[in-house]
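Novice: Residue-level listing of the chains:
Number of protein chains: 2
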Amino acid sequence: MKYIILVFALLMISVTTYAQKLSSSNSELELSFKLKSDGTPTYSLNYKGKEVISESKLGLELVNDDKSLLDGFQIKEITSSWADETWKPVWGEQSEIRNHYKEMAVTLEQPEENRHIILRFRLFDDGLGFRYEFPQQKNLVYFVIKEEHTEFAMTGDHTAFWIPGDYDSQEYDYTTSKLSEINELFDKALSHNASQEQFSKTGVQTSLMMKTNGGIYINLHEAALKEYSLMNLNLDEDSLTFKSWLTPDAIGNKGYLQAPAVSPWRTIMVSDDATDILASNMNLNLNEPNKLEDTSWIKPIKYMGVWWEMITGKSSWNYTDELPSVKLGETDFSKAKPNQKHAANTEHVKDYIDFASKHGFDALLVEGWNEGWEDWFGHSKDYVFDFVTPYPDFDVEEIQKYAASKNIEMMMHHETSGAIRNYERHLDTAYQFMNKYGYTSVKSGYVGDIIPRGEHHYGQWAINHYLYAVKKAADYKIMVNAHEAVRPTGLRRTYPNMIGNESARGTEFQAFGGSKPNHVTILPFTRLIGGPMDYTPGIFEMDISKLNPDNNSHVNATIANQLALYVTMYSPLQMAADLPENYEHFMDAFQFIKDVAIDWDESHYLEAEPGEYITVARKAKGKPDWFVGNVNGNSPRSTKLKLDFLEKGKNYEATIYADAKDAHYKTNPQAYKISTKKVTSKSTLKLKSAAGGGFAINIIQK
Amino acid sequence: MKYIILVFALLMISVTTYAQKLSSSNSELELSFKLKSDGTPTYSLNYKGKEVISESKLGLELVNDDKSLLDGFQIKEITSSWADETWKPVWGEQSEIRNHYKEMAVTLEQPEENRHIILRFRLFDDGLGFRYEFPQQKNLVYFVIKEEHTEFAMTGDHTAFWIPGDYDSQEYDYTTSKLSEINELFDKALSHNASQEQFSKTGVQTSLMMKTNGGIYINLHEAALKEYSLMNLNLDEDSLTFKSWLTPDAIGNKGYLQAPAVSPWRTIMVSDDATDILASNMNLNLNEPNKLEDTSWIKPIKYMGVWWEMITGKSSWNYTDELPSVKLGETDFSKAKPNQKHAANTEHVKDYIDFASKHGFDALLVEGWNEGWEDWFGHSKDYVFDFVTPYPDFDVEEIQKYAASKNIEMMMHHETSGAIRNYERHLDTAYQFMNKYGYTSVKSGYVGDIIPRGEHHYGQWAINHYLYAVKKAADYKIMVNAHEAVRPTGLRRTYPNMIGNESARGTEFQAFGGSKPNHVTILPFTRLIGGPMDYTPGIFEMDISKLNPDNNSHVNATIANQLALYVTMYSPLQMAADLPENYEHFMDAFQFIKDVAIDWDESHYLEAEPGEYITVARKAKGKPDWFVGNVNGNSPRSTKLKLDFLEKGKNYEATIYADAKDAHYKTNPQAYKISTKKVTSKSTLKLKSAAGGGFAINIIQK
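Which chain is which? The protein sequence lines are P and S, in order.
The first sequence begins at 7 in the working numbering and counts up by one.
The second sequence begins at 7 in the working numbering and counts up by one.
No wet-lab data here; the hints were simulated from the structure.
It cannot be assumed that every hint is accurate.
Because identical chains share one entry, a pair is satisfied inside a single copy or across any pair of copies.
[Said to hold, decoys possible] Below, a list of computed lysine-lysine pairs in the PhoX-like style, where the Cα atoms sit at most 25 angstroms apart: (1) Lys343 with Lys108; (2) Lys333 with Lys56; (3) Lys656 with Lys672; (4) Lys600 with Lys305; (5) Lys412 with Lys27; (6) Lys333 with Lys144; (7) Lys600 with Lys108; (8) Lys683 with Lys297; (9) Lys442 with Lys478; (10) Lys108 with Lys483; (11) Lys442 with Lys305; (12) Lys63 with Lys629; (13) Lys27 with Lys648; (14) Lys333 with Lys477; (15) Lys144 with Lys347; (16) Lys483 with Lys320; (17) Lys478 with Lys144; (18) Lys152 with Lys333; (19) Lys73 with Lys679; (20) Lys552 with Lys54; (21) Lys56 with Lys656.
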């Protein structure tokens, strides 16, 4: 008998070198780390006793390094730790966030190369995060990544909510399909974009949302992406394994590192309840604490903008149509013939200021205010804007005074056109200009291919730039909302002046042909996992031809849906994007936008199904009032809304903005009804949402 | 008879569409412009009645443009003009420069594309310059150059003095060979460099110096290179035609232009007298006049440096040897162990200041003063220097005070390591630092591959950067001497704070294995055509092992040759590059370096043969004194030096520093003799130069 046991033990050792497990605090998740016999590190993940991630490899392939960091490892050390702390974000979905995890750090060494790395795993109740660490050491100093080889082995042909893997754009409508169908549906999923480059017919972007046949929700993403290249995922169709696919630079390399260094965290969220995915704070918790000493100047912003009229084609960004091109500093705009469609003119801006001020908004964005819009797009133009020279009809000083007199802050616009060096050359003077004229926040844009040519929006080069611009903005006490930049990955914890990003298919695409009506029921599961989105909702006129007869686009949403977005699409920056005159047609509905809070003490995701519906309730920061929002997908749906999140024993008045009975995003989008009701924590509301509809509720404590 | 004549005329028209000629003022050069029947523009050049450039095509190939700008042209208009003016450079070989040319501007249009360009030709007595112009117009706005197709058709298998065509380096020894031998000698001509990339086995760089079998000298170069990519030349061996080969960017494109725009001038100098090539001002004259309003702060500089001891390996740039790498702002140098070889320490710098001050120098360069030298090279490191943080042993303020007390200006050093974005991010603070601590000039460097990766030292991207740094420096009243940057092409006329460049194989290579002894008899014909070179001469100790036992390099020059360089290698920046102790061994010879002027009223190139010898006499600016220099190639040689450039009727005393009778660059380099002589304009001196030798003469008016 002894003999048999001994043999068994030896067999065990020879098959697997080592296996180490880590369980989450609530015991639902179990991580297993193993080294294969050839020294390849692997991990797997179980949820409630069942495998959700099968054995998946880890490692990195290096340039000019035959050995790479793929195999040949031995375990040098394993340390365990845990943390349970609470911290307060400057702004957010909650006023207080709990960071509670168990950690395992595995030091792996390659004896022949005499170098080592650390795999650090952090297991939360709602997911796993892990990253590669490269400690300072003699034999690993400078290295270039050829490819990262992190796997996420799926256990079945899950349903995925995906967009095509791309080095430059996320502005795609989502496709819902089985993993095995991605390949055949890939081309159809691609829509044209100003800057885009795919790499594989089975490539997808993160965060990737999935649902297994057994009803388990899985989300793959990354956190704390800096000084590294963005990770896309490429599906191996045979094994149904996703493999990391980093973004290359101009010469095909995927990252330049100098030890000591760390990779971003790769994150896997798992739950049998979709609301857990939305409610998770894992991404934020994996980021470093706030580095800005003074954050008193950072505030959420509710704003309007001279913008939608250009997006719809009703007006133009450019001042004149008669110049074939512009040479900044040489072109004399005072001699050019105005095209009479230039929206960013002093009088028109004042009208917007009046409206925004009257209705209690914080700020006004103005696009098209500065010289250069005549030829900014599609020419790979380097010196495209200087960010400080207004058109002849935009009086910076007068607008500054007027806005200040109306208690409106001006929001700056810096369209970089992807010309990163040009932007950096002008960054200090551009920010100084903002300080001088009272612009407290800036919406920046990176439309078009990146210059230096050959670089990508999601490569290490551009990612370094975006953070550089945010850090420098902090020196000037400026808040940044970067569009077309890399998707956020929680860096807002470290740099809370990073108040917004676009980096997904936003409301503007409703004017470019429309987005799928269930788009907004997917985005929070995908794009918003790493940070808020400046989705710019609040469109009340769905028929764009009414703004511009040449534009037949239709906004695929109801008004109630648009109102709900202020609650369901979390963002500290919220825009009422439509034109004042369109709001004036529906001032009762507009009231919700005026009332809705933009900063929160608590957020409760009440029900959610990716692609179908999301209902969330939030408590306004420092107030007893609540807001509830529901966005609905392609089919009409009923909700039984229990208000048990309200404070017990208190009385509230709920104002409910809902779809009218016959509302429909396409045929009858502007039909809504407003009702009021007295409620308490014991109340239940029965609500119906139209296709592409929803509801928004303002619950005031009495 | 009439009938026959008519037919002849028709034949003439059908063979060539058009031919237009232009003669130089002295009638020696004749340009002929012709459009071929397919509308391809061509030119040819005659010198004293004989063809020197055969029919050569002109044109540009564009990206995404099937037609391109290659053919299909018709002549729309030809205008002629001429200019004869004099202008004064801020500093130079002459205090006054005559700009005298005849010009022909040919407007060519492509009727089908409805667009036009202008070919502008300027014919000087010593050469031809021409460029492409792209006027503002509707159908030619933004365009991308795939390749420029400018030809220079040689009339025979000339002798050429060439270096391999390269996108990143000019630091090669010259090869003298027939054009037909370039291919076979190419690999041998290549030496290793920190950053280099060739494109063709028959590729060469400009300026290209040639001599025909008939004794005609031809030089090909470019002038006013900005907002464009550098032109190399590729030889078509069958036709012996050089074709322009521009430098690509990271994705292979060769230039991004926006009309109105111009190409650089392509220049062809021709003479049967080699000294005309050296004396020509055509390159400067083709550049735009000075744009800096105030030039009072721009002055030639005679300097020494804490530099040669590092180049030879005697000392180090880096402070410590114990760190595998540096992270600026994180690495604590005060805790690092000094390597005891760091030359840029306060006391040592003060010793240099003492010496430089005692001997009347203007400035002191110090390299290795700032954090980051431990790992600056070979790692493609982005954040490599911050240009403002000194090592613990370099006391900026104390050195500033000490230098000021000794009437020495400090010369800053900015090694960028090719990390252009990093340099630009720090440029303002770096220049402000210079202003604060009294550094009036900066030697900048671009050692190693350019970052952004994929770009080249000579591509449009980097060329834009070099000028950006010079223009910004002018705002701070700072003079710039850029090493490893693009070779100069006369922009110093427009931006006279651009006081130096290296961009060729300088004196440092004498410590890296040595350069050919006749190297300095070629450089003025090649590298110096576009502008001065910071050659950093003045080495007195030729046996480098005496400075560093591990370095067996030998400086292939005699002391007399080194002295002569201050006259023959024109530069407003002149360094006495050796160590003070080496000068102290030969203080009598050092006297010449102390005395030699660095700015001139007149320069007379008395005799020259590329690869063999150059003798030049220059009159010090604002003084009656003259300096003569001769550098000699591989064989000993005698010169009969007529002093007829001296002012008639005046008496002078000449101090002659010559090779001793048995001097030789290799076996007896330090043997020299000094003699004095009374001379007048009627005097003739008979002098002998050793192999790799020369002579230097200081002629003071009595």
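Novice: Please go over all the hints and tell whether each is borne out by the structure.
Specialist: To see whether the hints hold, each was checked on the structure:
no.: 1; hint: Lys343 with Lys108; verdict: neither (66 angstroms within a copy, 39 angstroms between copies)
no.: 2; hint: Lys333 with Lys56; verdict: neither (63 angstroms within a copy, 45 angstroms between copies)
no.: 3; hint: Lys656 with Lys672; verdict: neither (40 angstroms within a copy, 100 angstroms between copies)
no.: 4; hint: Lys600 with Lys305; verdict: within (17 angstroms within a copy, 65 angstroms between copies)
no.: 5; hint: Lys412 with Lys27; verdict: neither (61 angstroms within a copy, 71 angstroms between copies)
no.: 6; hint: Lys333 with Lys144; verdict: between (51 angstroms within a copy, 15 angstroms between copies)
no.: 7; hint: Lys600 with Lys108; verdict: neither (43 angstroms within a copy, 73 angstroms between copies)
no.: 8; hint: Lys683 with Lys297; verdict: neither (45 angstroms within a copy, 74 angstroms between copies)
no.: 9; hint: Lys442 with Lys478; verdict: both (16 angstroms within a copy, 23 angstroms between copies)
no.: 10; hint: Lys108 with Lys483; verdict: neither (36 angstroms within a copy, 58 angstroms between copies)
no.: 11; hint: Lys442 with Lys305; verdict: within (19 angstroms within a copy, 37 angstroms between copies)
no.: 12; hint: Lys63 with Lys629; verdict: neither (48 angstroms within a copy, 78 angstroms between copies)
no.: 13; hint: Lys27 with Lys648; verdict: neither (40 angstroms within a copy, 93 angstroms between copies)
no.: 14; hint: Lys333 with Lys477; verdict: between (30 angstroms within a copy, 18 angstroms between copies)
no.: 15; hint: Lys144 with Lys347; verdict: between (63 angstroms within a copy, 22 angstroms between copies)
no.: 16; hint: Lys483 with Lys320; verdict: neither (34 angstroms within a copy, 49 angstroms between copies)
no.: 17; hint: Lys478 with Lys144; verdict: neither (33 angstroms within a copy, 40 angstroms between copies)
no.: 18; hint: Lys152 with Lys333; verdict: between (40 angstroms within a copy, 23 angstroms between copies)
no.: 19; hint: Lys73 with Lys679; verdict: neither (67 angstroms within a copy, 62 angstroms between copies)
no.: 20; hint: Lys552 with Lys54; verdict: neither (54 angstroms within a copy, 76 angstroms between copies)
no.: 21; hint: Lys56 with Lys656; verdict: neither (43 angstroms within a copy, 105 angstroms between copies)
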